[in-house]
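Numbered per our numbering, the sequence shown spans residues 1239 to 1432.
Be aware that a few hints might be false.
[What the hints assert, rightly or not] Straight-line Cα separation of at most 30 Å, DSBU-like style, residue types lysine-lysine; simulated pairs:
| # | residue 1 | residue 2 |
| --- | --- | --- |
| 1 | K1432 | K1354 |
| 2 | K1432 | K1408 |
| 3 | K1432 | K1328 |
| 4 | K1240 | K1392 |
| 5 | K1403 | K1425 |
| 6 | K1425 | K1387 |
| 7 | K1425 | K1408 |
| 8 | K1330 | K1392 |
| 9 | K1240 | K1425 |
| 10 | K1432 | K1240 |
| 11 | K1240 | K1354 |
| 12 | K1403 | K1387 |
| 13 | K1354 | K1387 |
| 14 | K1330 | K1425 |
| 15 | K1330 | K1354 |
| 16 | K1408 | K1392 |
| 17 | K1392 | K1403 |
| 18 | K1354 | K1249 |
| 19 | K1249 | K1403 |
| 20 | K1392 | K1249 |
| 21 | K1392 | K1425 |
| 22 | K1425 | K1354 |
| 23 | K1403 | K1330 |
| 24 | K1249 | K1328 |
| 25 | K1403 | K1328 |
Treat the hints as calculated values from the structure; they're not laboratory data.
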Amino acid sequence: MKDITIEHLSKVYDEITIFQDFNATIPNGQTTFITGPSAIGKTTLCRILASLEAYEGTIEGLNDYRLSMIFQQDHLVEPLSILNNLRLVKPKDDDGFNQRLDDGLHGFGLYDDRHKSIRECSGGMARRVAILRALLVDFDLLIADEALKGMDEKTEQTVMDYLLKVCTGKTIIWVSHHPSEMHYFGKPNIIEIK
1239 MKDITIEHLS KVYDEITIFQ DFNATIPNGQ TTFITGPSAI GKTTLCRILA SLEAYEGTIE
1299 GLNDYRLSMI FQQDHLVEPL SILNNLRLVK PKDDDGFNQR LDDGLHGFGL YDDRHKSIRE
1359 CSGGMARRVA ILRALLVDFD LLIADEALKG MDEKTEQTVM DYLLKVCTGK TIIWVSHHPS
1419 EMHYFGKPNI IEIK
């Protein structure tokens, strides 16, 4: 797979310019850490890369990737259990899914609560479900938009240990306005939006 190249990207909302002639490269098989102050356009860039927003400019290499995304919002089905929310992403012919699901529930500390509805879950527990759901999809590229928001340090470490194990060799776009999260990735490629 190729690197993802963004050239001359422009995006305007209601006459407010979010990006103008923005250029960046996202290397294949590496982590790219995208940072910058709140409301600078990080989420908009995620949505553009996930083909959820129109834009002007050129993005090359993206079509080669199978994408999964961790949104800022959990987007879970509240009446359903943790288990059934996670089963929503099960492909028809994937014999290994149930083992990955079981491993993920244990890895994220959710196994004992797997039959709880999302309505019964704390905010932090629901966040872990949303992250795990994204990791259960068969992907080459993970876009994570403020994935660790609201987590305590211990839970954050547990989630990142599992996430990094699952994402070995994959392309990660990690969006955060907390530069401290960079330490999980060693020496990531860094794009700072100003």
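Verification of the supplied hints:
For the suggested pair K1432 and K1354, the alpha carbons sit about 42 Å apart, so the restraint of at most 30 Å is broken. A hinted pair counts as satisfied when its Cα atoms are at most 30 Å apart, and K1432 with K1408 qualifies at roughly 27 Å. Between K1432 and K1328, the direct Cα distance comes to roughly 39 Å. Violation of the 30 Å bound is thereby established for this hinted pair. Among the hinted pairs, K1240 with K1392 is inconsistent with the structure: their alpha-carbon atoms are about 36 Å apart, more than 30 Å.
Between K1403 and K1425 the alpha-carbon distance is near 17 Å, which keeps this suggested pair within the 30 Å criterion. Restraint check for K1425 and K1387: the C-alpha separation of about 22 Å stays at or below 30 Å, so the hint holds. Between K1425 and K1408 the CA atoms are separated by roughly 15 Å; this keeps the pair inside 30 Å, and the hint holds. Between K1330 and K1392 the alpha-carbon distance is near 35 Å, which puts this suggested pair outside the 30 Å criterion.
Our distance criterion of 30 Å between C-alpha atoms is met by K1240 and K1425, whose separation comes to about 20 Å. For the proposed pair K1432 and K1240, the alpha carbon gap of about 26 Å is at most 30 Å, so the pair holds. Of the pairs offered as hints, the one joining K1240 and K1354 is violated, with about 42 Å between alpha carbons and a cut-off of 30 Å exceeded. Under the criterion of a C-alpha separation no larger than 30 Å, the hint pairing K1403 with K1387 is consistent with the structure, at around 20 Å.
Taken as a hint, the K1354 and K1387 pair is honoured in the structure, with Cα atoms around 22 Å apart against an allowance of 30 Å. Distance restraint check for K1330 and K1425: the Cα-Cα separation of roughly 37 Å exceeds the 30 Å cut-off, and the hinted pair is therefore not satisfied. Distance hint between K1330 and K1354 is fulfilled; the C-alpha atoms sit about 25 Å from each other, no more than 30 Å. As the CA atoms of K1408 and K1392 are separated by approximately 25 Å, the hinted pair is consistent with the 30 Å bound.
A C-alpha spacing of about 17 Å is found between K1392 and K1403, which places the hinted pair at or below 30 Å, so the restraint holds. Under the criterion of a C-alpha separation no larger than 30 Å, the hint pairing K1354 with K1249 is inconsistent with the structure, at around 41 Å. Distance hint between K1249 and K1403 is unfulfilled; the C-alpha atoms sit about 35 Å from each other, more than 30 Å. Between K1392 and K1249, the direct Cα distance comes to roughly 38 Å. Violation of the 30 Å bound is thereby established for this hinted pair.
Taking the CA atoms of K1392 and K1425, the gap is about 22 Å. The hint holds against a cut of 30 Å. A distance of roughly 38 Å separates the Cα atoms of K1425 and K1354; the hinted pair therefore is violated under the 30 Å criterion. Proximity of K1403 to K1330 is assessed by CA-CA distance (about 25 Å); at most 30 Å being required, the pair is judged to hold. Only pairs whose Cα atoms come within 30 Å are accepted, and K1249 paired with K1328 is rejected, the gap being roughly 34 Å.
Distance restraint check for K1403 and K1328: the Cα-Cα separation of roughly 20 Å lies within the 30 Å cut-off, and the hinted pair is therefore satisfied.
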